[in-house]
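Each protein sequence line maps, in turn, to chains A and B.
Residues 56 to 519 in our numbering are what the first sequence spells out, letter by letter.
Residues 56 to 519 in our numbering are what the second sequence spells out, letter by letter.
Calculated from the structure, these hints are not laboratory results.
Check the hints yourself; a few may be wrong.
All copies of an identical chain are treated as equivalent in the list; a pair is satisfied when it fits inside any one copy or across any two copies.
[Unchecked claim] List of simulated lysine to any residue pairs, SDA-like, C-alpha gap at most 25 Å: (1) K129 x K210; (2) K312 x A401; (3) K434 x P445; (4) K453 x S84; (5) K302 x Q403; (6) K219 x N288; (7) K404 x K467; (8) K434 x T444; (9) K245 x W141; (10) K453 x W439; (11) K440 x K453; (12) K327 x K374; (13) K136 x N310; (14) K187 x L135; (15) K464 x D83; (16) K369 x P220; (17) K395 x Y373; (18) K210 x N109; (19) K440 x I223; (20) K278 x P332; (21) K219 x D83; (22) K99 x D221.
Only a predicted model underlies this, so the values are computations on that prediction, with no experimental measurement involved.
Number of protein chains: 2
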Amino acid sequence: MKNQLLFTTVICLLFNFSQAQQSDFESDSIFLDKLFKTSLTNGKSYEWLSYMTNKIGSRLSGSLGAERAVEWGKNTLQGLKLDKVWLQDVMVPKWVRGTSEFAYIDSGGGTTNVVPIAALGGSVSTPPDGIKARVVEVQNFEELEKIGKDSIQGKIVFYNRPMKPDVIETFSAYSGAVNQRTQGAAEAAKYGAVGVIVRSMTHSLSDVPHTGTMSYGALALNKRIPAAAISTNGAELLSAMCKLNPKILFYFKQNSKNLGDVLSYNVIGEIKGSQFPNEIIVVGGHLDSWDLGDGAHDDGAGIVQSIEVLRLFKMLGYKPKRTIRAVLFMNEENGLRGGKKYAEVAKQKDENHIFGLESDAGGFTPRGFSFAATDSQFKRISAWKPLFTPYLADSFTKGGGGADIGPLKTDKNVLAGLRPDSQRYFDIHHTASDVIGAVNKRELELGAAAMASLIYLIDQYGIN
Amino acid sequence: MKNQLLFTTVICLLFNFSQAQQSDFESDSIFLDKLFKTSLTNGKSYEWLSYMTNKIGSRLSGSLGAERAVEWGKNTLQGLKLDKVWLQDVMVPKWVRGTSEFAYIDSGGGTTNVVPIAALGGSVSTPPDGIKARVVEVQNFEELEKIGKDSIQGKIVFYNRPMKPDVIETFSAYSGAVNQRTQGAAEAAKYGAVGVIVRSMTHSLSDVPHTGTMSYGALALNKRIPAAAISTNGAELLSAMCKLNPKILFYFKQNSKNLGDVLSYNVIGEIKGSQFPNEIIVVGGHLDSWDLGDGAHDDGAGIVQSIEVLRLFKMLGYKPKRTIRAVLFMNEENGLRGGKKYAEVAKQKDENHIFGLESDAGGFTPRGFSFAATDSQFKRISAWKPLFTPYLADSFTKGGGGADIGPLKTDKNVLAGLRPDSQRYFDIHHTASDVIGAVNKRELELGAAAMASLIYLIDQYGIN
């Protein structure tokens, strides 16, 4: 009897629960359908991206392009008639590439092979006449240590560990290879290397070098050595030639410079919450890009998608319960100053950021989201997955949100990252090929709609 | 007490079941991991596709390209040291485009706008001097009927219904628009139209016309009118100009021809099953393509992926229980003769095809599969979904398999189609842009591995 009662109670509870779910599910799925339909039929994201890439172009921190992007971002947000639009001062590092880099392999007897390189962001210049030296090829820092100072002194260290092709999620493969680029020069300098050449961070074999940030850490100014990325085809050639003849020489010349900090801005627009105005939801991407290409996927896509979230809400007459902010962060690529500043000011003002969503993984077909959240928060959010199934964007995983929103993390709030299909991203990442022709309009619009859907659900139901 | 016993029994059953599942799941997931890793690190699919597209090129039924593709397919399958490789005779229609088409809008006073068109596959030629006539723009056949013979007679019918942008799965949008292309000429001819111009089947606005098959049905030879696709930008222009001035004239000229049937082949390779050799599993795509472009996605991708399935099994030393055949079907695009012939011969020989898998939706990131199956078969197969989750290819839906394998359907067997991400497919479908540059190596390889995984599971566990 006791068992029967328990059984009946459980059944009743389940039934009520599923009833309650049902009703929300229906109205929510109707609203999500509207968001997707509107983004696909009446979206602005692609038109905006076309402006950002073709009319502004690259937007490296401290550049004229970045300045113009700030102006454009402000005007675009103002055009949406939000409750408030403002700029937030951020001091950003200004690094310039200077004139085009030049590099070749000298295999003796007058035989040279020109190879494509690009100075890494933050790298110092070579001497005006460039550097010519023998090459030590390594896969990682352990190998560097094993080879030792005597064999490295006066040479160019060539990091040639490819991104692993058998990792499904390409960002994981990137994480597993990128320390060669970020710390390679600082490490090689310890052993007396005179320069560093790094295999481009991509799976694909191509002639396009991929730039990206690097850091000398605490290395003294006079110990800093220049570092450049070489295209993967160039890396394959250099490696093959080193194996044939370890005495070949590598020449490269670049005149990049660090010019100190300059003033720039985060651009922020918000719709005030009607019920819980002090609970803030952030949606954003980064306004800056590398100087090669037009930063179409990285992160023009994230910027226009974030603005589109607010525009979709306005267009559909949706009045959020909580305060929703689009934040166009400055300087993600080489300093993260925008993200840090935003979090710092939020803390000063004692603002309660309950949720942050970043799109900084390309404007490709959305597959889902990753969440930095507690188990119970993640479980609660995962209950919404079926709402995303019709759009094939229902892969919800635990993981990071995004670099810019990272500094906002507390042990109470939730951060999320849009997870688009990642297979093509590193074909164009940080290269001259990151242009709007590499972005598919529908994929971009689907991403914006998926983001708006998640923000809507968070706004409706909170995070706990 | 009775309840308790029942409860305990249920728990025990569940436990045993999950134990049994667990063990299979583990070994299966290990094998799937091998398939994916091998495809991504040691795959041949991209290299083969490069050969097919760059060394052979387009492969329209009856063309030299198709002949060379048959030869290449046979040699490639033979290179895998399968148990048997053979050609199957198929009579295919031979249609040729002839010299390049030419079209312009004549808005009077000497003002003309040249627009890009492509004759539809199967269309008759215009008269040698072309056709020049007034234009009737319609969205569908109902509108045609409403306008009526008096207003259509002697004019060119311009079908301009776009593919719906707010349908998530682009193939559904395609299905909803394609009757304009396939039956447009036959319908318009009934009302005395002299020619047909069809908006290209794509969401994107571009200058590239999309060809594709059309049929006159039972229409008498002397009633047949020429039909061509116009690029979407051309369609937008033509529509705008018709609205400004309904009296504008459209001119087009093409000299396409139907040359009757010629001999071609399906190419087939098989690994004999070790336990159930009479249970046949087919994996395939179509070897023919349209004559514009190189048929890289449509369906070079499906061909190389299907061959790769067998190669992966050979390479990993997997000995299938059931007979597995790769079938490179001829003439999917404009006749489906290969698919029909294969099924006809299978029936004659009383062969038992328990399962067929086709890849003919592009070489993009695999999202999952659609299945033509009974509810219980689908339920059983759906239990494997978690095995595909690590590869984000776990969207299993009910639906069709593929055109070529369609004729194999019985009420007992299961047919399946690989479902890649569909957002970009109609940017390049049936155009000069369907070249290998539009194919991402990793996406192609992931598709091949997903196919091999499904075939492996069917081979291991059957379909019932």
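Verification of the supplied hints:
1. K129 x K210: neither (48 Å within a copy, 52 Å between copies)
2. K312 x A401: Neither: 33 Å inside a chain and 71 Å across chains, both beyond 25 Å.
3. K434 x P445: both (20 Å within a copy, 19 Å between copies)
4. K453 x S84: This pair counts as both: shortest intra-copy Cα distance 23 Å, inter-copy 21 Å.
5. K302 x Q403: neither (58 Å within a copy, 69 Å between copies)
6. K219 x N288: This pair counts as within: shortest intra-copy Cα distance 16 Å, inter-copy 42 Å.
7. K404 x K467: within (17 Å within a copy, 67 Å between copies)
8. K434 x T444: both (17 Å within a copy, 18 Å between copies)
9. K245 x W141: neither (45 Å within a copy, 63 Å between copies)
10. K453 x W439: Close inside one copy (15 Å) and across copies (23 Å); limit 25 Å.
11. K440 x K453: Answer is both: 13 Å inside a copy and 20 Å across each meet the 25 Å cutoff.
12. K327 x K374: within (9 Å within a copy, 64 Å between copies)
13. K136 x N310: The answer is neither: 45 Å in one copy and 56 Å across copies each exceed 25 Å.
14. K187 x L135: For K187 and L135, the Cα distance exceeds 25 Å both inside one copy (55 Å) and across copies (48 Å).
15. K464 x D83: neither (27 Å within a copy, 39 Å between copies)
16. K369 x P220: between (43 Å within a copy, 21 Å between copies)
17. K395 x Y373: Result: close neither inside a copy nor across copies, 31 Å intra and 53 Å inter.
18. K210 x N109: Intra 41 Å, inter 41 Å, cutoff 25 Å: neither.
19. K440 x I223: both (22 Å within a copy, 17 Å between copies)
20. K278 x P332: Intra 51 Å, inter 70 Å, cutoff 25 Å: neither.
21. K219 x D83: Classified as between; 23 Å across copies, 40 Å inside a copy.
22. K99 x D221: Intra 37 Å, inter 15 Å, cutoff 25 Å: inter-copy only.
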